[in-house]
Amino acid sequence: MKNILVVCSAGMSTSLLVNKMKETAEKKNIEVKIWAISEAEIKNHIDEAHIVLLGPQIRFMADKIRAVAGTKPVEVINMADYGTMNGERVLNTALEKIGDAE
Amino acid sequence: MEGLEMYCVELITYVGDARSSFIQAIGAAKEGDFLEADRLIAAGEESFINGHRVHGELIQKAASGELSHISMILVHAEDQLMSAETFKILANEFIDVYRKMGCSFRV
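Heads up: the protein sequence lines correspond to chains A and B, in order. The opening position of the first sequence corresponds to residue 389 in this note's numbering, with each subsequent residue numbered one higher. The opening position of the second sequence corresponds to residue 8 in this note's numbering, with each subsequent residue numbered one higher.
Chain B on its own, in the form it takes in the complex (with noise of 0.2 Å):
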């Protein structure tokens, strides 16, 4: 498999780890176990950092010319960045709701 395929693969499997991670936190805190939910995020924000340091060598890459061509599992890698980054956000709003409601709800 030729250089760039590999990049985006790896790219590929953290930042679709982080976005596995994030949603599952969602679940957790939906269910009350706000430890557990904690515990996803971070889980998800270190796989989000090894995608971006992937991405930030592609992008290298990019800047130097030695990326020659746009194919469609970078467009796809690209894609599911956007995807966690976007879950990382929603993950992290979701919990803070949950946590609230389960504030008021033992008042």
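Only chain A is shown next, with the shape it has when bound in the complex (with noise of 0.2 Å):
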């Protein structure tokens, strides 16, 4: 079971990322949980996630992030894949990041 955390200022569209991605992980029958917070949670979240995934209006904050994460990878959201909601390939990139970081 691998863990994703996503991040954004209010956790509001990355609610709707996370659905999308959530219902890739079903149809390839993918066991994760993936979850959305708002920036000012994250202290509470971090140590359940396998990997921080940042929304790009928050990627100015992702050196602060980081140094909360430590060794966990921290990574900003594709644009092009955040502006078109595509759950699929975010969950992808995600849990290849998971694998190099392992």
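No lab work stands behind these hints: they were computed from the structure. Here the structure is a predicted model, which means the values were calculated and not measured. Hints are not guaranteed to be accurate.
[To be verified] With a Cα cut of at most 30 Å, we get these calculated DSS-like pairs of lysine-lysine:
(1) A:431 to B:95
(2) A:460 to A:421
(3) A:408 to A:431
(4) A:452 to B:95
(5) A:485 to A:410
(6) B:37 to A:452
(7) A:460 to B:37
(8) A:452 to A:408
(9) A:390 to A:421
(10) A:408 to A:460
(11) A:410 to A:421
(12) B:68 to B:95
(13) A:460 to A:431
(14) A:452 to A:410
(15) A:431 to A:390
(16) A:452 to B:107
(17) A:431 to B:37
(18) A:416 to A:460
(19) A:460 to A:485
(20) A:408 to A:390
(21) A:408 to B:68
Using the hints, put the two chains back together into the complex; each one sits in its own frame.
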């Protein structure tokens, strides 16, 4: 079971993306936990995550979040994938990065 | 996902990316890297213009009566647009101030 934490400024647009990612995971029978939060809550969720994905709107916080995340990968979601809500591509990239980190 | 939501997400992505660039530009200027600050402002403006294009399409839809309801995600998108606009003005002001400080330090 892989845990993917998706973060944006309010956790609103990422909630839509998370739904898309979950749809893909269900279709492909991939066991994952994916959830969206706002950047203010990150400290309460980071322990559980295998990877942290950031929306383009909080790209400027990436360094601060990396400092909190320690060795866990922190990735900014590709702008085109985010804008088109391409859950499949975001999920695939996240799983690849988790694989690289292990 | 319905059409309106996709417009909103596209708008949030563009103006959110612009906002990130503007904030990072202030950080670069603070470090004295004005070349990077200028690059980030230019990148931010490009995304911001794209966001405005999407926003224009939304306004046209509203004007022609195609926008049937006001949703939370639409309000959120407008909020992000305003925030990016504010940061654009502030980032340029901050960078000017850091530039002037840099000049006076060199004297």
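List, from low to high, the hint numbers that the structure doesn't satisfy.
Of the numbered hints given earlier, the structure breaks none, since each of them holds.
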